[in-house]
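Taken in order, these protein sequences are the chains called A and B. One point on numbering: in the working numbering, the residue at position 339 of the first sequence is 339, and numbering is uninterrupted. One point on numbering: in the working numbering, the residue at position 200 of the second sequence is 200, and numbering is uninterrupted.
Because the hints were derived from the structure by calculation, they are not lab data. For every residue, glycine included, the Cβ atom is placed at its ideal position computed from N, Cα and C. This list has only true hints and no planted wrong ones.
What the simulated footprint calls covered on chain A by chain B, stretch by stretch (three residues with Cβ under 8 Å from a Cβ of chain B suffice, anywhere in the stretch; the number is not a length):
1. 173-186
2. 287-299
3. 323-329
4. 336-342
5. 368-381
Straight-line Cα separation of at most 27 Å, DSS-like style, residue types lysine-lysine; simulated pairs:
6. 472(B) x 64(B)
7. 214(B) x 305(A)
8. 64(B) x 185(B)
9. 230(B) x 64(B)
10. 185(B) x 115(B)
11. 84(B) x 130(B)
12. 84(B) x 305(A)
13. 84(B) x 115(B)
14. 424(B) x 382(B)
15. 115(B) x 305(A)
16. 125(B) x 137(B)
17. 98(B) x 83(B)
18. 333(B) x 385(B)
19. 230(B) x 194(B)
20. 305(A) x 41(B)
21. 137(B) x 305(A)
22. 305(A) x 83(B)
23. 214(B) x 84(B)
24. 305(A) x 106(B)
25. 125(B) x 230(B)
26. 137(B) x 115(B)
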Amino acid sequence: MGIKNIIGKIDWFLLLLYLALLAVGLVSIYAAAFNENHTDIYDLTQNYGKQLLFIGISLFTGFVILLIDAKFFNTFAYLFYGLSIFLLLFVLVSGTTIAGSKSWIQLGIFSFQPSELAKFTTALAVAHYLGKNDTDFSKIKTKLIASGLVLLPMSLVLLQGDAGSALVFLVFLLVFYREGMTGLILITGLVAIILFLLTIFFSKWYVIIGVSVITIAVSFIIGNLKKNILKIIGVYSLIVIFVLGVNFAFNNILKPHQRNRINVILGIEKDTKNIGYNLNQSLTAIGSGGLTGKGFLQGTMTRYKYVPEQHTDFIFCTIGEEGGFLGVTVVLLLYLAFFIRIIVLAERQRSVFSRIYGYGIVSILFFHFTVNIAMTIGLMPVIGIPLPFLSYGGSSLLIFSIMIFVFLKQDANRMNIL
Amino acid sequence: MIRKNPNYSSRQYVVIGIFSIITTILLARLFYIQIISEDYKKDNTVRHTTLYPSRGRIIDRNGKVLVYNDAIYDLMVVPRAVKKIDTVSFCNLLNIDKDTYINELKKARRYSSFKPSVFISQLTKEEYGKIAAVLYKYPGFYFQIRSIRSYNYPIAAHTVGNIGEVSRQDLENDSYYSIGDFIGKSGIESYYEKELRGKKGVRLIVVDVHNREKESFMDGRYDTLPVAGKDIILGLDADLQQYGEYLMNNKSGSIVAIEPSTGEVLAMISAPTYNPTDLVGRKRSNSYQRLLDDSLRPLINRAVNGTYPPGSTFKTINALIGLQSKAVNTTTKYICNGPDSSPIKCTHYHHSPVGLIDGLENSCNPYFWNVYQDMLNSYRFKNVKQGYQFWYDLVLQFGLGTSFKTDIASNSPGNIPDTNYFNKLYRGVWNAMTVRSLSIGQGELLVTPLQLANMAAAIGNEGFYYPPHYIKRFEDGSMNDSIYHKVTIDIDKAYFKNVKEGMRNVFEGNRGTARFYRIDSITVAGKTGTAENPHGLDHSIIMAFAPIDNPRIAIAVIVENAGFGSSWAAPIASLMIEKYIKGYVTRPEIEERVVKFEDIK
Chain A
1 MGIKNIIGKI DWFLLLLYLA LLAVGLVSIY AAAFNENHTD IYDLTQNYGK QLLFIGISLF
61 TGFVILLIDA KFFNTFAYLF YGLSIFLLLF VLVSGTTIAG SKSWIQLGIF SFQPSELAKF
121 TTALAVAHYL GKNDTDFSKI KTKLIASGLV LLPMSLVLLQ GDAGSALVFL VFLLVFYREG
181 MTGLILITGL VAIILFLLTI FFSKWYVIIG VSVITIAVSF IIGNLKKNIL KIIGVYSLIV
241 IFVLGVNFAF NNILKPHQRN RINVILGIEK DTKNIGYNLN QSLTAIGSGG LTGKGFLQGT
301 MTRYKYVPEQ HTDFIFCTIG EEGGFLGVTV VLLLYLAFFI RIIVLAERQR SVFSRIYGYG
361 IVSILFFHFT VNIAMTIGLM PVIGIPLPFL SYGGSSLLIF SIMIFVFLKQ DANRMNIL
Chain B
1 MIRKNPNYSS RQYVVIGIFS IITTILLARL FYIQIISEDY KKDNTVRHTT LYPSRGRIID
61 RNGKVLVYND AIYDLMVVPR AVKKIDTVSF CNLLNIDKDT YINELKKARR YSSFKPSVFI
121 SQLTKEEYGK IAAVLYKYPG FYFQIRSIRS YNYPIAAHTV GNIGEVSRQD LENDSYYSIG
181 DFIGKSGIES YYEKELRGKK GVRLIVVDVH NREKESFMDG RYDTLPVAGK DIILGLDADL
241 QQYGEYLMNN KSGSIVAIEP STGEVLAMIS APTYNPTDLV GRKRSNSYQR LLDDSLRPLI
301 NRAVNGTYPP GSTFKTINAL IGLQSKAVNT TTKYICNGPD SSPIKCTHYH HSPVGLIDGL
361 ENSCNPYFWN VYQDMLNSYR FKNVKQGYQF WYDLVLQFGL GTSFKTDIAS NSPGNIPDTN
421 YFNKLYRGVW NAMTVRSLSI GQGELLVTPL QLANMAAAIG NEGFYYPPHY IKRFEDGSMN
481 DSIYHKVTID IDKAYFKNVK EGMRNVFEGN RGTARFYRID SITVAGKTGT AENPHGLDHS
541 IIMAFAPIDN PRIAIAVIVE NAGFGSSWAA PIASLMIEKY IKGYVTRPEI EERVVKFEDI
601 K
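Work out the full structure, taking the sequences as your base and the hints as a guide.
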């Protein structure tokens, strides 16, 4: 397929949204890492100069991907998957430790995390497996194999001590849901989270009493007790065991600093000095932005380095401080439009591989987006994962860009599929 | 490859729904943080540096500056910004030990980790120079320049008062102050705090996470300049004050001099006194404790808080009220049998019978007892109690028995007993005989030197006075009207002239009790007194004014435990009057005797 062909078929809307996010990211990094002595955005000694270079590399890679045959990634999905599993095993043995997790491969000045790659290749592998003609997702065996494809890299990442990145793999539940998995699992997950929070906030006995009352009420509403009694008792027992388990784990298994971190996040404890310090600085930076923000390069919290990691994981603070509520609203809506566009494109694919792959990457990106912003604004514990396309960092930007360009290529090629 | 399971495609809307809901939750939280909540509005990058205004100076009536400002340097600390530093060399530099360092830092942290606190206050220019040169090595510390009180003359400590660091109470009462600020603690400094302190300015400086100054906040839009405090000009005469303090050397007691035409305090001495410089700066707390522990209680302002029986000086008041009651007149005479008199003895034999003028000149006790008795028993009153009430009301008009509501803070009311007091004490049955001590200024009567001086002014003015006060005006001419107001006494002017005549003879008469202390070319009128003191030797007292017509100075002197009024108080009053009116003193031998104060010891 020639270049002219590509230009005509590519989804320019998604591409523009992608480029817009890159631009927001570059501007934010420029503000966050601003150095009065090196105001030139091309300055490679500065983080914004480097980010510009990474953007260039990403766009070039994307361009190359658009030229490659569309079937390439489907065909070699397992190969890429196998390669990333190998790399995950490799770092377990001889990885470089950066910021407490042994998950990095150092190649000269360039360092990257195989877990980043694994997110992409897992999406490929799952899409490839479920996209095969003879795969029937309604079968138990299929579900187990698909889950296995996700759990393998997830376990390896967890073994590296990078819980944040491991959690990312859970988003494949959303993909499975789209492909026919029962919605009960999502609901169960939601109920589990609510019970978890209630158990930590209140005494386990209140929660158990509450659950008991609800169970009795539900029993009467359903009626036909004889038929349902076993199910009700079963669900009830599971819930009680879960509550007791959470309570036990929280009080006995978690270490004090982990407990504190959860308590601070949940607002049970106030702390502006120690664990809460980063969060407090982040909230103050965003809060001080007000409605319209302080203006580009006027964010004092940002410019004078009050926020830790402000050009990487906490890049959102800069937007909040300098752009205000209006600024963050624009950025959030940009993201939402970007995600919805991917879903819309995924749904118009003729190829199951393309559709599942689309859902895979949108879920991964959305998870990063949610967790990153939620931690920045104090809705979640501080988990070090980047904000896609905005956070400073070459390898994450490259991988996220590859994900998008592979999808754009699939989409551009959709008419060629019978 | 064709689509499978097309029936699940509606689930895309569930996924879009989840994405939208979560994005909405994030936006709602951001709306809360950025728009609603006040918790996160306050950007902690801005350091508020207080610009202290210079405190108003205190100036005497002749333009001599008594109290002015000098620069001192406070070493400030922002605990959050303090990094691991070489504490040993830092402590050596500051000349403190490590415990002090730790304690001060702890104290500052308790106040606030982010806000600056005073680490070491009031360093001198020399110490500042030494430390400032290397302070860059110690992040979190910086200097704040402030002014401190300096004194050109170490006088009038009680009057000018002093300033000290604000107390917790002050901080709660007035949000103007922050920790480490100075506030007037006593005297003028305290009473006129609001005018003297001026208005603090503030400079907002953006600092980075290491507390380094980066730029002025919003181009200084919110910065304010300090407004200097107003200079206050006192009625005080520094020379007279200094001279009075000199005369009161080695004594306990007080001198109060007032300008009768205005009520301005010309001099106010409380002895023993202290050097106001001792209560400045870092030596303040030590000095303060030492003064508190001093058995002579130098911190007490005897001029306004010392209460004494007025003794014979009070006879002037009784004469005036007696005349006003019409029970006696200027020609009324009484027999005096000297020390054989009853029920009150006279101090000495003199010609008899005596009238008003002679009675005052001789300080004749029997004369005043008879005046008092005849007044209380006068047919003009229904009974003694009504007569007493008449007397009591007029006594109060002289400013006795109540405090002056002026800038002389917490001046004591003294004591003038009312009818209720005697009703209670004697179960309702009492008469002139019962309260006879009051006729000669003893008994329950207590006055302060300030009240005594005011009494002299009122008599000198022939029936009016301005409540005594320190202030003349502020530099800008303003003054509080409530302080400067005229009080008129309901006694005929003619009677004042009569009493003044008697008081003139105290100095000018051949038998006057103060005749040895008359002054050439100045006619002084006065009345000596010897206040019986149940705790020891009598107090020597005088009140006087001069010149007798249109007096320029009214004065009261009390020398504790010094015996007759004529021996100590009278010469002091005389010297003070001469010093004020002439500007110099012509009788060095009297001065020398007074200063030595040997006879008594």
